[in-house]
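Knowing the structure of chain A, use the given hints to seat chain B on it.
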Amino acid sequence: MSVIGNTALSFSEEQAMLLDVAREFCKNKSPIAVVRSQLETDSGYDPALWDEMVGLGWAGIALPEACGGSGMGVATVVPVVEAMGRAMLGTPLVSTTLAAQLLLRAAGAGRMDAALAAIAAGATATVALLENADWGDTRIGCTLGADGALGGSKRFVADAAAARLFVVVAHYRGAPALALVRAEQLAGGAIVPDTLIDQTKRSASVDFSGVVVADENIIAGEGVVAALRDLHLLGALLTAAEATGSAGRCLDTIVDYLKTRKQFGKLIGSYQALKHPTVDILTAVDSARSFIYHAATLVGEGPLDKDAEIACRMAKAHATDTLLYAGDRAVQFHGGMGFTYECDAQLYIRRAQWSQQQYGDAQHHRKRLASLLLD
Amino acid sequence: MSISEQELNDFRAQVSAWMRDNQPADPGFLLPQTFMEVGDERQLEFLREWQHKVWSAGYLGMAWPKQYGGGGMPRVFQAIADQEMRRHGVPICFNVIGLGWAGPLIIDIGTEAVKARYLKGILSAEDIWCQGFSEPDHGSDLGNAQTRAVRDGDEYVINGQKIWTTMGNFAKYMILLARTNPDAARKYDGLSYFLAPMHVPGIEARPIRKITGEYGFTETFFTDARIPADCLMGEEGQGWKIAMQTLQYERGAEAGAAGGLMMVRVTIDDLVEQIRDLCRDGEPVLQDPVMRDQLVRLIMEEKALALGDKRAHIAALTTDYPHSLPLSHKLRGTEMSRRMRQFAINLQGAAGALYVGDGQARQGGFWQRAYFNSFSATIGGGTSQVQTNIVAEHILGLPK
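Here the protein sequences come in this chain order: A and B.
In terms of my numbering, the first sequence opens at residue 1 and continues consecutively.
In terms of my numbering, the second sequence opens at residue 376 and continues consecutively.
Chain B with its partners taken away, still in its complex shape:
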């Protein structure tokens, strides 16, 4: 079935109008830029209500099957809806682990019963999902996860500890990577993958206070926690494979994710726009030659990333070190973002020392908080240093 240009344009206009009319008013507290920043109940309830509203309007999970709460439409519609959400600057759809990871995985490999049980709650934001991959001693070495799952009749008994569980204290379900066979020849083959309920005895999610002073992550402790055996995805020993499959979905609606604005991107445009009134030596900071040079360097970095995404699709221009662009993207993007946010504070003069909570802090301390939060991206998902090793070894072929 081909979709006419007209149909797509009409749809865009319709979404755009809806976003304009339904954009929530400023709640009077800082809204999370990413799902990793949901620190308290009022932020949670605000975002839950918003996601529910977007889904009810038909602009979330548009390409997911209709019988499970989706829209059953071609993906292009969701892509348009996402673009319009970004353009209107509406809040994020915050149930990201469900929408972006667990959901697509369930659609791809889940049984009918599993699909019927979980998918709708992911979209409606009734069921918040979290992810249990990282462990305190194995931050960047996922394959070495040690949390144990032991089969006991119709249940698995879970013991161990996960860390950096986003919204662990709010979540109803967790995608859990646990070791069912500690004697497997390869460490990867001993892992299994579960869709685990969080509200059972023996699971305790303790909020972690972040560098920002806020909450958003938990440390999750499992002490003889019993979960039903049918929570296992696939078979025992397939955990690593399924976890890797899960990570593939991360990139938006194209990869099967439900869509929705997953994070508010902070761009160099935001920075340039928001510093126009700042001064240095009594003149606008945008006239200062040294600061201008710094800004140009940052603009060039961000532009180079955008151009790299384009070049990555041109075969004739990717023959040297193939895959270097996609494999280094996370490293480059997150490091650039961190430096840009740091510089944004630098530009503020004495006010750069103020923080969230101070009435005089610029934009409520937005950049200060954004800078601190940027470390979650340069550390999470493989630290920049580990990423650099990966690029060196896999792309350049340098020895371990």
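For reference, chain A alone in the conformation it holds in the complex:
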């Protein structure tokens, strides 16, 4: 058995069509000027644009048809998220998709159909998962009492201010469980926004103390642990897909500048000191795209198997390292201009730092890959 293992990579007509549509949509609706106009707003996105995306069916791509989705699986969300990453378009699509997947995978078909239908129809949702900055810490401090009362706070909750639904990971009867909480249930001041390095993104600390969850909104049992494991991997994959899109766009930005900027009487792109690292970025982006679509090929409806786990971890480890390198070089290659807020390079280097820290950084994943591949 080779350590290289599974190298399946396929791309369906549906995926190709969505990639095409999503790229065109994002290009038209999210030029950089529009991205910049959202940098300092509370939600970080334009609700009208979100409604358009919902209208295109994107909130329900991976949801069953019974819930108003299109039943195409997370594999088909990947091209959409990559396209959004290319356009630096910040919307709650990733956080909503992940919350829906967690619900669906933990509860099984049928049980959470009402909530999933609401999500497919545009209700934004998010997972309240982390309690500290360590992605490798699986302990859960947040409690869900026998009376259904939640206790504790969550940190780094993506798109919390915009979310209508929260899937809260809590300790319940000696095991991890999920509590579905509506935004209206939160106490005033429960959401304290983070100031993020990437201004196209939003997250917050959320205090769930005192929120009482009805029985029908509690998911407990063995399925929860497996679903949480899948959530970590799907979160890694979608972050990787978004980072890959951003890295591709960052490369284009570098290439455009290298073709137009002159110094010492020559276009700077003719200098090998700039040309060669730019090729390194190209090959890294190439690999990132291969990894994310390989992972998309392997993630199905059921629990992720070992090959899919390896694929998601490789995609994340490689894609966010790629964006870090591309963003870093984008600033440097733009010279003095690159040091300004006005230069778009800042958008990519900030996105890079943010992406690296979502769902575990490259080291986090390579450490786990070592066990998967070498032990």
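In case anyone wonders, no lab produced these hints; they're calculated from the structure.
Among the hints, erroneous ones may be present.
[Claimed, not checked] List of simulated lysine-lysine pairs, DSS-like, C-alpha gap at most 30 Å:
no., chain 1, residue 1, chain 2, residue 2
1, B, K705, B, K585
2, B, K775, A, K259
3, B, K490, B, K428
4, B, K547, B, K562
5, B, K685, B, K705
6, B, K441, B, K428
7, B, K562, B, K495
8, B, K616, B, K490
9, B, K495, A, K262
10, B, K685, A, K27
11, A, K266, B, K428
12, A, K259, B, K705
13, B, K428, B, K616
14, A, K259, B, K562
15, B, K562, B, K428
16, A, K306, B, K490
17, A, K266, B, K685
18, B, K585, B, K547
19, B, K495, B, K441
20, A, K367, B, K685
21, A, K367, A, K27
22, B, K495, B, K547
[As the list claims (entries may be wrong)] Rough simulated footprint, nothing fancy, chain A against chain B, three-plus residues with beta-carbon under 8 Å:
no., stretch
23, 398-406
24, 756-770
Ideal placement from N, C-alpha and C gives every residue a C-beta, glycine not left out.
Chain B in isolation, oriented as in the chain A frame:
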């Protein structure tokens, strides 16, 4: 004619059995991993005998025309035979310039007489072929080749110098790129292409001692060497075009090559398997967190290359910078291989400092030699630096 699954499966079983039964015993000396490492007569004779045996069994040149020593069969059979050779880890079919370059070219554009004269000897390994493209002053700039060929009656008179001629000292024929018209407006239009005999007066192949301490290449000197005029392929001035056509055949049986295992690939699997007994800090090296991280990075690189080969065939996923995957493949693959081999030595502790010839050297110094030899791929066929310029200019559109 369609071939049934059953027929292919039966054939695979048959080749597999033959390879198992005929796999040569360890000769007691290091066998070349590529045809560029044939350094002495005993390696040469060993490989000549092996290739002859594979061909005699009908597993080489299977898709080449029957009347010239081939098998006249669909290419799929050769592809299966190649896979089985790789799987069984048998020695290489070493007459690579003949099998992979000269042969397919002759089949495509050679006259009947040329085909009858050369093809069978290529397959049987009776006639070793070499390649005369690179020159000392024009390593990566092939179009600028300066070796002269001047027509004189029924002959061409060759003067000049070629370098990195693999097996130049063993070869009977050379595919030679030489300048017939130094005044051509474009440098490329002055070149012509010859199937030149090596055993004529005025040709001297001096072995080059490689970085490994071994031989395998020669520097080839032409001093008023006379070759028959009918050695010219095509017409005068078509040399560049034919040379480019030749390079297209490089990629295995699909492209017309005769098949056969052309090189022993050294993979990350070989590395992982062969370091299981190595230790660091008194523990297995595979438990060492730092070394594990390095290995994971290498595995990811090799996997990314394999996945890239797949993605390159999916049109919808290659719209950004089309051709970037195939055009950067050589650059990425060879650089990755070099780093992997270097790391393999790094893993060996103090024994990493031992070399071929030392009885204690790990696997006879296999990795040390493999690392040094890896430079032939990062330098030959266009250095990585030139390759990077090509990708930057042709794919990204950056200025020269």
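Here is what the structure says about each hint:
no.	hint	verdict
1	B:K705 to B:K585	holds, 22 Å
2	B:K775 to A:K259	holds, 10 Å
3	B:K490 to B:K428	holds, 22 Å
4	B:K547 to B:K562	holds, 29 Å
5	B:K685 to B:K705	holds, 16 Å
6	B:K441 to B:K428	holds, 17 Å
7	B:K562 to B:K495	violated, 35 Å
8	B:K616 to B:K490	holds, 20 Å
9	B:K495 to A:K262	violated, 58 Å
10	B:K685 to A:K27	holds, 27 Å
11	A:K266 to B:K428	violated, 59 Å
12	A:K259 to B:K705	holds, 25 Å
13	B:K428 to B:K616	violated, 35 Å
14	A:K259 to B:K562	holds, 28 Å
15	B:K562 to B:K428	violated, 44 Å
16	A:K306 to B:K490	violated, 53 Å
17	A:K266 to B:K685	violated, 38 Å
18	B:K585 to B:K547	holds, 22 Å
19	B:K495 to B:K441	holds, 10 Å
20	A:K367 to B:K685	holds, 27 Å
21	A:K367 to A:K27	violated, 37 Å
22	B:K495 to B:K547	holds, 14 Å
23	398-406	violated (count 0)
24	756-770	holds (count 6)
Hints 7, 9, 11, 13, 15, 16, 17, 21 and 23 from the earlier list are contradicted by this structure; the remaining hints agree with it.
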